[in-house]
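Protein chains: 2
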Amino acid sequence: MGFGIVGQSLAKLLLSRSVDLFSLYGIKPRIVACLDTGGCAIAPRGLDIQRLLEVKRLKGSVGEYEKTSSRFDPLYVIEKMDAEMLVELTPTDIESGEPGTSNIISAMRSGKHVITVNKGPLALSFPSLMELANYNGVLLRFSGTVGGGTPILEFAKRCLKGDRIISFKGILNGTTNYILSKMEEGMTFDSALNDAKQKGYAEAVPSLDIEGFDAAAKLVIMANFIMGMKVTIKDIHRTGIRSVQVSDVQRAQERGNAIKLLAICDKKKLDVRPIEVSKKDPVCVDGTLNAVTFFSDHSGHQTIIGRGAGGMETGSAILRDLIEIKDTIFERR
Amino acid sequence: MGFGIVGQSLAKLLLSRSVDLFSLYGIKPRIVACLDTGGCAIAPRGLDIQRLLEVKRLKGSVGEYEKTSSRFDPLYVIEKMDAEMLVELTPTDIESGEPGTSNIISAMRSGKHVITVNKGPLALSFPSLMELANYNGVLLRFSGTVGGGTPILEFAKRCLKGDRIISFKGILNGTTNYILSKMEEGMTFDSALNDAKQKGYAEAVPSLDIEGFDAAAKLVIMANFIMGMKVTIKDIHRTGIRSVQVSDVQRAQERGNAIKLLAICDKKKLDVRPIEVSKKDPVCVDGTLNAVTFFSDHSGHQTIIGRGAGGMETGSAILRDLIEIKDTIFERR
Numbered sequence: 022m023g024f025g026i027v028g029q030s031l032a033k034l035l036l037s038r039s040v041d042l043f044s045l046y047g048i049k050p051r052i053v054a055c056l057d058t059g060g061c062a063i064a065p066r067g068l069d070i071q072r073l074l075e076v077k078r079l080k081g082s083v084g085e086y087e088k089t090s091s092r093f094d095p096l097y098v099i100e101k102m103d104a105e106m107l108v109e110l111t112p113t114d115i116e117s118g119e120p121g122t123s124n125i126i127s128a129m130r131s132g133k134h135v136i137t138v139n140k141g142p143l144a145l146s147f148p149s150l151m152e153l154a155n156y157n158g159v160l161l162r163f164s165g166t167v168g169g170g171t172p173i174l175e176f177a178k179r180c181l182k183g184d185r186i187i188s189f190k191g192i193l194n195g196t197t198n199y200i201l202s203k204m205e206e207g208m209t210f211d212s213a214l215n216d217a218k219q220k221g222y223a224e225a226v227p228s229l230d231i232e233g234f235d236a237a238a239k240l241v242i243m244a245n246f247i248m249g250m251k252v253t254i255k256d257i258h259r260t261g262i263r264s265v266q267v268s269d270v271q272r273a274q275e276r277g278n279a280i281k282l283l284a285i286c287d288k289k290k291l292d293v294r295p296i297e298v299s300k301k302d303p304v305c306v307d308g309t310l311n312a313v314t315f316f317s318d319h320s321g322h323q324t325i326i327g328r329g330a331g332g333m334e335t336g337s338a339i340l341r342d343l344i345e346i347k348d349t350i351f352e353r354r
Numbered sequence: 022m023g024f025g026i027v028g029q030s031l032a033k034l035l036l037s038r039s040v041d042l043f044s045l046y047g048i049k050p051r052i053v054a055c056l057d058t059g060g061c062a063i064a065p066r067g068l069d070i071q072r073l074l075e076v077k078r079l080k081g082s083v084g085e086y087e088k089t090s091s092r093f094d095p096l097y098v099i100e101k102m103d104a105e106m107l108v109e110l111t112p113t114d115i116e117s118g119e120p121g122t123s124n125i126i127s128a129m130r131s132g133k134h135v136i137t138v139n140k141g142p143l144a145l146s147f148p149s150l151m152e153l154a155n156y157n158g159v160l161l162r163f164s165g166t167v168g169g170g171t172p173i174l175e176f177a178k179r180c181l182k183g184d185r186i187i188s189f190k191g192i193l194n195g196t197t198n199y200i201l202s203k204m205e206e207g208m209t210f211d212s213a214l215n216d217a218k219q220k221g222y223a224e225a226v227p228s229l230d231i232e233g234f235d236a237a238a239k240l241v242i243m244a245n246f247i248m249g250m251k252v253t254i255k256d257i258h259r260t261g262i263r264s265v266q267v268s269d270v271q272r273a274q275e276r277g278n279a280i281k282l283l284a285i286c287d288k289k290k291l292d293v294r295p296i297e298v299s300k301k302d303p304v305c306v307d308g309t310l311n312a313v314t315f316f317s318d319h320s321g322h323q324t325i326i327g328r329g330a331g332g333m334e335t336g337s338a339i340l341r342d343l344i345e346i347k348d349t350i351f352e353r354r
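From first to last, the protein sequence lines are chains A and B.
Heads up: the first sequence begins at 22 in the working numbering, then just goes up one per residue.
Heads up: the second sequence begins at 22 in the working numbering, then just goes up one per residue.
FYI, nobody ran anything at the bench for these hints, they're computed from the structure.
Hints may be right or wrong, so weigh each one.
Identical copies look the same in the list; a pair holds intra-copy or inter-copy alike.
[Stated by the list, open to error] 30 Å max Cα-Cα, derived DSSO-like pairs, lysine-lysine:
1. LYS133 with LYS300
2. LYS300 with LYS251
3. LYS218 with LYS288
4. LYS33 with LYS182
5. LYS133 with LYS220
6. LYS288 with LYS33
7. LYS33 with LYS289
Because the structure is a prediction, the values reported are computed rather than measured.
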């Protein structure tokens, strides 16, 4: 569901890595249906991925894959297709969670595993979606929702076995970090925002980033997945960066600090707000980078830094989920 | 084998985490023998860990655990004890690799898994030790050798599934990084070294750090484990930091850079040497921190930062290995 930049990147990865995927992981994925806002391509024995990409590039929608254009109801397609997995890539709507939530629920109810990079459904109803997945005996994975290609969730979950993460803090939104970095160089908030829009980092309506919704959604996902909390976006204390003044940024700079939009989970309190951070703190990265520091019981604290976005990077996160789901199914059998 | 700071930290962790280890991972470890340079404590049904720690603290050696002090040959104990695993914690000797290498070989030949934080054996003979482990059907793990408690090896191996690491670079030695950081503040090499000795960061004979042997040993481990190369410390081009002048450091600083002792694996070339790095590069950390940046095919590049040493931190890395070995054995069955 959804065939934008991330979906197309994933399709390209499935092509370019197909030999490796089979030889290293025993996977030979087929795409049996692909839907975008313009239409739908269906082939129970597997779509020709090369042609799918070409049709999308030339005609703007996968609906043109077949000569006879087909009407379709997305939920009907999800439910009825003989597929093992739904890859849900529709855009994030932080208010309704749709169409992602309905897509995910349909897939799980019809026994399909789900990989999503859509933060809306998870931000609004992470605990109930996980329950539904368990109830239906399917897996729900979402590596690409936090950190793009940077495996922040995997790091926390897999790399610190035997230890216990006590708290964490991080820069989870590249757009606001870019704006704050530019303000350090002297730009006003508005011109930094315009600059971010021109470079393609910010949306036309950038409130998702600016108001901290995006960072809050990611914090919800981390709090549930890493800390075992059962929270939604309503449980986050959220302040955006609109009220940050150039003078604030510069005063911080004089003290060897920077103002960063931090997402914090500490003693089960969940916060997203602009905070003054020492430039010597490894979490204090510039530009569109993301960074998270985990504090654990015995192994000290670790920071992981990487780009938080990008089609190919996020595509590679989906591929990781795909491999992990395959491995998990295999273990169960 | 070996009951210094790391060994004692591990023992403390086994005590303090015992409930968790059993409930979360199904592990109830017993220490059936413990050797240090002063003697040996043996109890086939499990030593009293609390008392073991106390004897060590009060009398300086675990040899005093029993009233009748026992003579012992370490290799004989390793071979004959009915144990599933050897935890090898003797000090690193980068020239001979002993006594670690003999200990590890004895354990593997008698069918015991091995966890080590001793870099000597791995730096000198990683490929053959791995072969010997495979041949004997046992596992050899060494998380604590790189990054202390920071899970650098696990990150590379587990978090980027489906992708391929092309190259990496990193600050792998905290002592030299501390000295270089102090030189930035204006200290000479010698006074920075003395400062490091006073703080306990540098050994009395610090050539292992200063000449780059320690970083080179870690690079060998990473090249073998992460990149699948078959190399030993002879294959590393190594330059230490003794020739770095305060004037070099300060000129770099004027350009917004810093001189760092980097370990680099790029196009299968393996280097350890002082290099000028931009202060904006996430890998450019100060003090005793370690940092590694991995460059991969599709998911971009990620940096992981943490303290590279510490008894409790390294103890927690051993615990991770213990859990992983248990999980792997369990899967095999």
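Verification of the supplied hints:
no. : hint               : in the structure
1   : LYS133 with LYS300 : neither (46 Å within a copy, 47 Å between copies)
2   : LYS300 with LYS251 : neither (33 Å within a copy, 39 Å between copies)
3   : LYS218 with LYS288 : neither (36 Å within a copy, 37 Å between copies)
4   : LYS33 with LYS182  : between (34 Å within a copy, 17 Å between copies)
5   : LYS133 with LYS220 : neither (38 Å within a copy, 57 Å between copies)
6   : LYS288 with LYS33  : between (42 Å within a copy, 25 Å between copies)
7   : LYS33 with LYS289  : between (40 Å within a copy, 27 Å between copies)
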